[in-house]
Amino acid sequence: MGLRVLPLEELHERLGATFGEFAGWRVPMYYTSTIEEHLAVRSSAGIFDISHMGRLRLRGAGVLEVLEKLYTKRLSKTREGWMSGPTLALNEYARVKDDEMFYKVSDEEWLVVPNAAVADEMARYIEEWAGRLGVEVEVEDLRSDYALLALQGPEAERVVEELGGSEIASLKPLQFITNTSLAGAEIYVASRSGWTGEDGFEFWISPGEAVKLYEALLGRGVKPVGIASRDSLRIEMGFVLGGHEYGEDPRVFPCALSLRYGLGAIDWKKTGFVGEPALRACRREGVRWVRLGIVMKKKYARFIPRQGYKIVVEDQVVGWVTSGTYSPVRKRGVGQAYIDTRYAILGEPVEVVSDKGRRGEAKLEDFPLIKK
Amino acid sequence: MAESYKVKAGSIEFTVVKGLLYTETDEWVRLENGKARVGITDYAQKKLTDIVGVELPEPGDEFSKGDPVATLESMKATADVYAPLSGRILEVNERLYEEPELVNKDPYGEGWLFVIEPSNPDEAKELLDDEAYVESVKKREEGH
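Residue numbers (the numbering used here), protein chains in the order written: chain A, 1 to 372; chain B, 1001 to 1144.
Source of the hints: derived by calculation from the structure; they are not laboratory data. Any given hint could turn out to be false.
As the list claims (entries may be wrong) - Here are the simulated DSS-like pairs of lysine-lysine, each with C-alpha atoms no more than 27 Å apart in a straight line: (1) Lys356/A <-> Lys310/A; (2) Lys299/A <-> Lys270/A; (3) Lys299/A <-> Lys310/A; (4) Lys223/A <-> Lys1046/B; (5) Lys223/A <-> Lys1138/B; (6) Lys356/A <-> Lys331/A; (7) Lys299/A <-> Lys1105/B; (8) Lys1138/B <-> Lys1125/B; (9) Lys1138/B <-> Lys1008/B; (10) Lys356/A <-> Lys1046/B; (11) Lys1105/B <-> Lys1018/B; (12) Lys1138/B <-> Lys1105/B; (13) Lys223/A <-> Lys1008/B; (14) Lys363/A <-> Lys298/A; (15) Lys223/A <-> Lys1006/B; (16) Lys371/A <-> Lys297/A; (17) Lys1139/B <-> Lys1018/B; (18) Lys298/A <-> Lys1105/B; (19) Lys356/A <-> Lys1065/B; (20) Lys363/A <-> Lys297/A; (21) Lys331/A <-> Lys1105/B; (22) Lys331/A <-> Lys363/A; (23) Lys69/A <-> Lys270/A; (24) Lys331/A <-> Lys1046/B; (25) Lys1006/B <-> Lys1138/B; (26) Lys1035/B <-> Lys1125/B; (27) Lys1008/B <-> Lys1046/B; (28) Lys1008/B <-> Lys1035/B; (29) Lys331/A <-> Lys310/A; (30) Lys363/A <-> Lys299/A.
This one's a predicted model, so the numbers in the text were calculated from it and none came from an experiment.
Given the sequences, and given the hints that come with them, work out the whole structure.
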């Protein structure tokens, strides 16, 4: 099967992007250098095209009932004009189908951004549950109507101000507005949000207008940033990704509690959601695995922990790596790992062992793995 | 510097150098008075993205053709480098321990990895020329 192509592909070609595959999409991996792009987001500002991600609009009298059934957070507490999340959709084993951000436009109109790999599946899943609950929900896939851009970095607010976007610049974290404009480009949704650990904004914007906005941002010195940096940025922060830190198969992934997702993603006062019995069983019995950060010691700074590498203490295998990268900020290999809770002592040294038996020493740390 | 040219395979544009020999696993070989200098191709460094670490063999180590000799760590992946010819390591590029990014910046020049003294020079006949290498990459990039 051919790869799906982003609406702004031509722009990325023009910018000299090197492309790669992500979740069935042909995406710009990097433009000049992943490390340069990563550091631009940490120190000034970068622009991502994340249009490979899902974009659903949910409308109808039954939306909230379905959302309360499928997600671990009480979305009914969300105010209009605010985002809620991230929150988790679980399966019956309390394993995670997806982690998502919701936008509440009104009680009967919500927007949601599923991860790329499950975007089609989540749309069907929501429709299926609306049917099962006998309520009315219209699910619209907006991926071809709007591109999704993310402007991220400490300079993001200043850039938006300079381009005449005072309304957008004054948004509070997780607040959004609809039908606004920036640099003469019409925007459907502008929110103060992102997935890098930096300040920033995300835009749902029609492809034609997106090119206009993108070019205006380039004119202000904002750096094009590829998907490769998005991964290294999220790993430094300890943000989780499907297929790495979570997934549906209980033989591969621990229960959702082991993620230590935090951020109120799970509301224990809430009852009746899919996966709740298994999640409570996991809580009652205590978790076997817990997600922690690993940072390579100086001598092994250039050893990169990769998904599937083992974590060893003395002669015992006590965990496995779920994601890893080189941290341009720490100048070390860093990663995320599941650690047997009996060995999950922050600051303790562990060994990381590759599939080919290469070994490096690391230390267990909590997230984020950089100072924020 | 020998003549080089740019090629596009799938979405990746990369440089190949005439007169070098290549492997299916993206190493290049430059024969220099019976010795073989080895590096990875421009295509390989672009696929790996930023290279942040290298593990090189010790001078004196002996390898058979196809053995893993070195490891490259990039932002994206950990990659083995295979011996394009059987032989003994004469020299390694120690600069790369401090500046692994040279492999990205100058893959056919300052980013070389090691020099081998071939034990069976006839093996060089099995390596690819630039045109055959380009075909091999195109097959991989455009084949699926």
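Verification of the hints:
1. Lys356/A <-> Lys310/A: holds (11 Å)
2. Lys299/A <-> Lys270/A: Answer violated: Lys299/A to Lys270/A is near 47 Å, above 27 Å.
3. Lys299/A <-> Lys310/A: holds (19 Å)
4. Lys223/A <-> Lys1046/B: holds (19 Å)
5. Lys223/A <-> Lys1138/B: It is violated: about 30 Å lies between the C-alpha atoms, which goes past 27 Å.
6. Lys356/A <-> Lys331/A: Given pair Lys356/A, Lys331/A holds - Cα atoms ~24 Å apart, limit 27 Å.
7. Lys299/A <-> Lys1105/B: holds (25 Å)
8. Lys1138/B <-> Lys1125/B: holds (22 Å)
9. Lys1138/B <-> Lys1008/B: holds (8 Å)
10. Lys356/A <-> Lys1046/B: Holds - the C-alpha atoms of Lys1046/B and Lys356/A are around 24 Å apart, at most 27 Å.
11. Lys1105/B <-> Lys1018/B: The hint holds at about 19 Å.
12. Lys1138/B <-> Lys1105/B: Holds - the C-alpha atoms of Lys1105/B and Lys1138/B are around 23 Å apart, at most 27 Å.
13. Lys223/A <-> Lys1008/B: Roughly 25 Å between the alpha carbons, so the hint for Lys223/A and Lys1008/B holds.
14. Lys363/A <-> Lys298/A: holds (10 Å)
15. Lys223/A <-> Lys1006/B: Roughly 26 Å separates the two Cα atoms, so the pair holds.
16. Lys371/A <-> Lys297/A: Status holds; Cα separation ~17 Å.
17. Lys1139/B <-> Lys1018/B: holds (20 Å)
18. Lys298/A <-> Lys1105/B: holds (25 Å)
19. Lys356/A <-> Lys1065/B: Within the cut-off at roughly 19 Å; holds.
20. Lys363/A <-> Lys297/A: Given that 27 Å is the threshold and the Cα spacing comes to 7 Å, the pair holds.
21. Lys331/A <-> Lys1105/B: holds (19 Å)
22. Lys331/A <-> Lys363/A: holds (15 Å)
23. Lys69/A <-> Lys270/A: holds (10 Å)
24. Lys331/A <-> Lys1046/B: holds (21 Å)
25. Lys1006/B <-> Lys1138/B: Roughly 13 Å between the alpha carbons, so the hint for Lys1006/B and Lys1138/B holds.
26. Lys1035/B <-> Lys1125/B: holds (15 Å)
27. Lys1008/B <-> Lys1046/B: holds (12 Å)
28. Lys1008/B <-> Lys1035/B: Answer violated: Lys1008/B to Lys1035/B is near 31 Å, above 27 Å.
29. Lys331/A <-> Lys310/A: Distance of about 22 Å is within 27 Å: holds.
30. Lys363/A <-> Lys299/A: Distance of about 12 Å is within 27 Å: holds.
Checked against the numbered hints above, the structure breaks hints 2, 5, 28 and satisfies the rest.
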